[in-house]
Amino acid sequence: MPLETESKVRLRALVAEFRPNNGDLLAALHRVQHEFGYLSAEAMEVIGDQLGLFPAHVYGAASYYEEFRFEPQAHTNIRWCSGPACRLRNGNGIRDALLASLGIGHMNGQTEDGRVGVILGQCNGACEVAPMVWLEQHESHTIEPVGNMSAARAVRMARALRDGATIEEATNA
Amino acid sequence: MPDALALYDAMRANADAAYAAWRNPERPRIDVAIDQSSISNGALRTRAAIERVVSARNAAIDLGRVHGYGIQWLHPLVQVTFPDGATVLYGPVTPADAEAIVDEASGRWGAAASLRIGMVTGERDGVPSLRDHPFFALEPRERRLLRNLGLTDPESLEHYIARDGYRASARMLGRHSTEDQIRTVMNDAGLTGRGGANFPTGVKWNFLFGAAGEDHYLVCNADEGDPGAWVNRVVMEGDPHLLIEGMLIGAFGTRSKQGYIYLRDEYPLAIARMEQAIAQAEAAGLLGEDILGTGLTFRLRVIRGAGAYVCGEETGLLSSIQDSRGMPRVKPPFPAQRGVFDKPSNVNNVESYANAPLILMHGSDWYRQYGTERATGTKIFSFSGDIARVGFMELPFGVPLAKVLEVCGGMVGGELKAIQSGGPLGSLLPPQSLPKLILQGDSFSPWDAIMGGGGIVFCNDKTSVLVLAEMFAAFVEEESCGRCTTCHGGNQRQTEILRRIIDGRGRREDEPNLKLIDRTLQFSNCVHGQFSPKITRNLLQHFHADYEAALRGEDPSLTMAGLYRVVVTNQYDPALAEAVAICPVDAFRGPAGNRSVDDAACIRCGACIDVAPKAVGKQAKARTVALN
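Sequence lines, in order, name chains W and R. Under our numbering, the first residue of the first sequence carries the number 2, and numbering increases by one thereafter. Under our numbering, the first residue of the second sequence carries the number 451, and numbering increases by one thereafter.
Only chain R is shown next, with the shape it has when bound in the complex (with noise of 0.2 Å):
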C-alpha cells in the first residue's frame, strides 16, 4: 500500500514546480483581485480593460486572479509580478489606468506610481512594504488564517499545496497522529467555536467521536447571515482549500465519512470556488474514496442556502439539510445525538475549521502564541459603517478595540455614536465602552454585549440609536421562523413599538412594554428568539437619553421620520429646480420662487437634498401628539 505521505510528496514535487513558475514569473504577470468585495468596486471591469490593452499591444505580460488582501476601500486592487519575484501591488486601478499598469508591467517603471499601495514581496527603490501600511499595524508579523491571499491564486489546488497545504493531513493520514491526538491538540490548542458561541472545538468534536453508531456527519455552518460580517466569506472566496482540509482533519478526528457545507446563496463566488475546490481536491486523492490510498472515506457537499438566517442556528440548519423548512428544534437532542438526517454531526463555523491544519501542523504552543490566556490564537475580523477604512483584518485576540478604529482611519461624517457587534441578535455598544473593549468575547459582558462571530461596524453620530434599533428589530421580526409565539409576536410588537416612537407618537409604557417583550423573549426555544431583544436593551440600557429624547419629540440627528421635516431653505438656488424635478411623490407646493414641501406627501427619502443640498435641508419638527 502505498504511503499517504509518499503520494503527498509527489503531489507537493509538482505543486512547487508550478508555483514557482508563479511566483517567479519568466514574463510579468499581472493579477487582478477578484472577490465579492473587488466585484462590487468593478474589478471585472478593470481586468478586462487589462485584458483588452494587453492583447491589442501584444504585450509579453500574462494575467492572473488572486484575493484581495482586506485593504476594501483600495479595491480594486491590481498586482504585477516580476521575472525577479517582486510583486508590486496597485490601487484604486479603475478601467482608465489599464494602460499605466500596462506600462509599468512592461517595463516602463513609474508609468502607474500614483497607483502604487506597497510591495507584496521583494523590494523597488522608494515602494514601501504592503505590510508595513497603518491598516496592518496590528495583524501578527505572518498571517495565519489569511496567509494565502495575495500570494496564491485562489482557485488553485497546486498553489496550496505549495504553501504547505495538505501538508498536515497527510501526516495524519499516514497514521502520524491517532483520532485521540487529533481531538487532544484542538483542545489544548484552545481552538473555540468561531461564530459567536466560543464552544470549545476539541469537546464538540470528542462528543461525534463518542456517539453510537458508525454514519457520522461533519456539517459547516458557512450560513454567514450577520449583516456586517464577512469573515466566513474571506476564507472560503480567498483560501478554499484551507477550508477542506479543516474538515478532513475534523472528519478523521470524529470518524466522519460524509461532510455538507451549508453556504448562504448570497455568496455565489464563494459556492464556485468551494465546489470547485472540492472537484479538484477529490481528483488529487485528497477527498471522497480512498483518501490518499489509506482506505479512508470523506465525502464533502456545498448545499446552498436560500436566505433564511434563522439556518445559521444548528438545528435550524441540519433541518434545512435534510429537506424540510429550516426551523430551530429543541435541544436536547444536540446534533452529536441526532443530527442530519437523524445521525450524529457535529456543526463548525467555517473558520474553526479553518484553524485545525494551521494547529495541527504547527501545534499548540504555536498556536497559543498569539491571543489571551482565555481567547487563544487569531480570529478574522470585518469593519464597517462610518470609518475611514473598511476592509478585514486577521486580530490576535486582546486587541483593543479603540486601536483598531484608530488603524481603520477613525471615524468619518461625525463622532462615534454607537459600536454594532454580533450582528442583529448581537448588540449596541456606547461610545464610552471603546476605551474598555478589547478583542475577547468576555470584555464584552459587562455592557451586556456579545462580540458575535467577527462583524463590527462603526456608527457616527449623524445617525439616531432608535433608528438601528428599528432596524435590527425588523430583521429579526422577518427573520423569525414562526414556531414560538414569544418570537414571532414578540418581535412583531417590539418592531412596531420601535416604529411608533421613530414616527414621533412614542408612549409612556414603550418602555415597560418593551422590557416585557425582552423578558416573555427569554422563553423563545432557541437563540434567535432569546437574543432578538438584545439591542432594543442595549438601546434602552445604554442610549436611555436618546430614548427619553424621542419620546419628547427630540431627535438631533434628524433621521427620525416623524421629528423632522424636509423644507425649502432657499427660493433662489438654481438647484431647486433639480429637487423639484427630482422628487418621486411630487411633493413640491407653490411656484418658483414661492416652493415648499407638502409635510403629508414628502417620504423622506432625501433625493432632493442630494442634488441641492443648498435649497432644500431639514427641519426638526415636534411631535403632534401629546406625550402619554
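So that you can see chain W by itself, here it is in the shape it has in the complex (with noise of 0.2 Å):
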C-alpha cells in the first residue's frame, strides 16, 4: 500500500475540522487555496473525503467560482477592478494595457515564467480612487489597492514587476 504524499497529510490536517452535510465546503476550498495558492486535483480528493463528497462534485463546485483556482498562480497578480467607476475612467485601456504591457493574452493568465498574472476583480466600493486595481502575493498574503490609476500607470506598473520589482517599487512606478 503506498503511503501518502507529504502534500496528502497536509491537506488532511487542513481540512480536518469540516464535517459532511453541515455547509462546509466553501470553508474547505478557502482553506486550502489560502494554503497552496491554488486546489490541485489532490486537494478535491481528500476534500471529497472529509465531506462525504465525490471529487467530480468537490470540483464542479469549485470550478463554479471565479476565486478559486486550479494552477499555481503567478508570484504577483495584478486585480483589475471591472466595475463601473473604475470603466468610466479608462478601464478598459488600464485592463488591455496590463495584458498588452506583459504579453499575456487573456483575463486570468499569466506571464511564462509565471511572475506576473492579471486577473479579474469586483468592485467594493471604493470609487472614490477609481480606477484601481490591488497587487496580490499569494505568498506572503498581500493584498495592496493601488487607487487613480492610468493606462501609462498601468504599463509602468506592469512592466515594473514583469522585471522583479517589489510591490511598493511597482506602486511608485
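Some clues are possibly wrong.
[To be verified] From the structure, some residues in chain W lie toward chain R, with a derived Cβ separation under 7 Å: (1) 24; (2) 61; (3) 62; (4) 89; (5) 91; (6) 98; (7) 125; (8) 126; (9) 127; (10) 146; (11) 151; (12) 156.
Keep in mind the hints are simulated off the structure, nothing from the lab. For glycine and all other residues, C-beta sits at the position ideal for the given N, C-alpha and C.
Take the two lone chains, each set in its own frame, and fit them into one complex as the hints suggest.
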C-alpha cells in the first residue's frame, strides 16, 4: 500500500475540522487555497473524503466560482477592477495595457515565467479612487490596493513587476 | 431563572462605563477610520505614520479606530477626541500630515487647521458641525441605520451595547413581546426587502414561522455583488452587531435556531468583523445556546462566498451554502418550504435585518416618520461615477435624485449622460429622467427601470452608452449559471452583437435581434436571465439616437474601439518621445519628426495620451464596412 504523499497529509490536517452536510465545502476550499495558492486534483480527493462527496462534485462546485484557482498562481497578481466607476475612467484601457505590457492573451492568464498575472476583480466600493487595481502576492498574503490608476501607470507597473520589482516599487513606478 | 433583562442590565452597566471612558477619554485619542474604502485610500499607512510619531514623541495620546461616515472622497479620515468629549474630524490625512495631527491632539490647536472637516461631537470655535456639511443635507437629522458610525469602535461589543444595542432584543427575550408581535411590528412598520425586490419582510417571516417542522433556518444575503453598490458592506464593517441583533430578532420571530450570513469574498474586512462580532456575542451570552438565560438557541455562522454573482439570487445562495454549485433553481418550492438542507428557510438582505432592532426599539410609528406612504423608513445608498463627492448616505425614501446629485457636488468632467441603477440586472436612465426620479422603487418604473439595492452611478457624456451596455452585458454573460439555454446562449449573443457594433461593424438586423434575445430571455427560470437584457433594452428605449449614430459609425465620445483612431497631433511636442516609449504594443512608426500610429497595431489603451495629451489624440474614424 503506497504511503500518502506529504502534501496529502498536509491537506488532511487542513480540512480535518470540516464535516459532511454542514455547509463546510466553501470554507474547506478557501482554507486549502489560502495555504497552497490553488486547488490541486489531490485537494479535490482529500476534501471529498472529508465531506463525503465525490471529487467530481468538489471540482464541479469549486469550478463554479471565480475565486478558486486550479493551477499555481503567478508570484504577483494584478487584480483589475471591473466595476462601473473604474470603467468610466478608462478601465478597459487599463486592462488592455496590463495584458499587452505583459504579453498575456487573456484575463486570468500569467507571464510564461510565472512572475506576473492579471486576474479579474470586482467592485468593493472604494469608487472615489477609481480606477483601481490590487497587487496581490499569495506567498506573503499581501493585498495592496492601488487607486487613481491610468493606462500609462498600468504600463509602468506591469513592466516593473515583469522585471522583478517589489509591490512597493511597482506602486511607485 | 435569571431574567434576560436583568442580565442585559448588568452587561449594560459595564458597557456604559467603558463607552463613557472612550467618549470622554482621560487623554486625547486619535482614531483612524478603518474600512474597505479608507484602506484603499492608504488609511493603514496614515495610521502607521501617526503611531510612529506618537511613539517617537512618547506623546500622552491613545490610538483607536472608527468607521468612516460616508464622505469617502475625503478619506483617509482621522478624528481626535479630547477629554471634554469634543471630537474633531480631519481629512484627507496622509502620512505626511501625521505630525500636524499629533500636534493638534497634543494641544497645539491650529496645527492641523487646514485638515479639519468638522465637529463630530462638541464645539470648538470656528469649526462647523460635521452634520452641517452639504453632503449630509438630505439625511435625517439623526441617522438610524448608520447611527453608530464614527461614534463607536466597530469592533467593540461594549460600544454597541452602550448605544442601546441588544436592548430591544433583551426585552423581546425577556418575554416582553411574543413571536407574533415581532412579525406584526415589522409589517406595521412597512419594512420591505432592501435587496431590491421590496417584498414585505414581516410577510416573509410569517411564511417561515408557519412552515412545517422544527428546523427553521434564517439566512442573510450579504452577497452584495452589484458593482457600484456597497450598502451592506457599510453595515457589516461599520456596525456588525446591528446585523446580528436583527437576525436574532428574526430568529425569535420565526423560531429559527440556525442562521447563516452568506458574505461575498470581496469584503474581507466585513468577513473579519462579522466573525469577530459573532464570537463576541456568543461569549457574552447574546448568541448561541441559552441566550440570556432564556433557553433559546440561535447559532449564527458566516459562509464566505467565492466570487459568483448569481449566488445573490436566493436559491443560488442556498445551493451554494449546501456544498453545491451555486445555481438558482425553479421556484416553487420557495425557501420557506424548502431552503437550506431542504429545511424551511428565510432569506433577507443585510439591510432588511439591520432595520429590525430599530423598529423593535422605537415602534412602527417612529419608523414611518421617514419615507413615503409606499416606501417607509430610510435606506442606505452609495453614489459613484463622474461626481465630485463619492460616498454613501442614509436617506429617507422619496428624496429627489436631482437633489442627491446636487449634494454629491454635481457632475465632473462633462454633462450628465446616463444614470445607472440596480447593478448589471438594473437600468440605464436618460438625463431627462433626473427631474422626475425620487428614491423610491416605483418612481423608476415609468422608465422601465428599477432602483435596486442602493447603488447609483452617474455617468458623464465622455462615456458611450454602448460601451457601458457592453460592460454589463459581458458581466451577466460571464455570471450566468448556465442552467437555462436562454440565459447562457442569449447573453453570449447579446454581448457579441454589442461588441461588433462598438467595433464599427453594426448591422441593421442587430436591433430586431437584440429585441428577440430580450423576449427569449424572459423565459429563463430565474431573475438573472429575465433581467439580463434590461440595460440593453434601456439603451434602445432611451438612447436610440446614440445607438443609431453608432450604427452609422459616429461616436462623439470617441470611446468605441472601431470608430476612432489614435493620431499624432504635434510632432514637436517633447512629450511625444515618452508616448512612443510607453506604448505597450510599439504601435508608433516613423522617425522623430514624422511619427505616426499604426492603427492596426494600436490597442487604444490610451497610455500614450496619458503621458502626452498635447502630442497624441483621438480622431473619429468612419466605419470600414458598409452598413446593411
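Query raised in the report: Should the interface hint for residue 24 of chain W be scored as holding, given a Cβ-Cβ cut-off of 7 Å against chain R?
Result: holds (5 Å)
Requested in this report: Go through the hint on residue 89 of chain W and say holds or violated, using the shortest Cβ distance to chain R against 7 Å.
Outcome: holds (6 Å)
Query raised in the report: Minimum Cβ distance from residue 61 of chain W to chain R below 7 Å?
Result: holds (6 Å)
Query raised in the report: Going by Cβ atoms only, is residue 156 of chain W closer than 7 Å to chain R?
Result: Holds, because the Cβ-Cβ distance from residue 156 of chain W to chain R comes to roughly 5 Å (cut-off 7 Å).
Query raised in the report: Minimum Cβ distance from residue 126 of chain W to chain R below 7 Å?
Result: With a closest approach of 3 Å, the residue 126 of chain W hint holds.
Query raised in the report: Holds or violated: is the Cβ of residue 91 of chain W closer than 7 Å to a Cβ in chain R?
Result: With a minimum Cβ separation of about 5 Å from chain R (threshold 7 Å), the hint on residue 91 of chain W holds.
**Report entry** Restraint satisfaction for residue 98 of chain W [CB to CB of chain R, less than 7 Å]
**Finding:** Interface hint status for residue 98 of chain W: holds (4 Å vs cutoff 7 Å).
Report task. Hold the hint about residue 127 of chain W up to the distance rule: shortest CB distance to chain R must be less than 7 Å. Result -> This hint holds: residue 127 of chain W lies near chain R, its Cβ roughly 4 Å from the closest one there, short of 7 Å.
Requested in this report: Hold the hint about residue 125 of chain W up to the distance rule: shortest CB distance to chain R must be less than 7 Å.
Outcome: For residue 125 of chain W, the interface hint holds, since the closest Cβ of chain R sits about 5 Å away, which is under 7 Å.
Query raised in the report: Is the interface hint for residue 151 of chain W satisfied, with its Cβ closer than 7 Å to some Cβ of chain R?
Result: With a minimum Cβ separation of about 5 Å from chain R (threshold 7 Å), the hint on residue 151 of chain W holds.
Query raised in the report: Taking the closest Cβ pair, is residue 62 of chain W under 7 Å from chain R?
Result: Constraint on residue 62 of chain W satisfied, holds at 5 Å.
Query - Status of the residue 146 of chain W interface restraint (C-beta, 7 Å, chain R) - result: holds (4 Å)
In the structure shown, no violation is registered for any of the earlier numbered hints.
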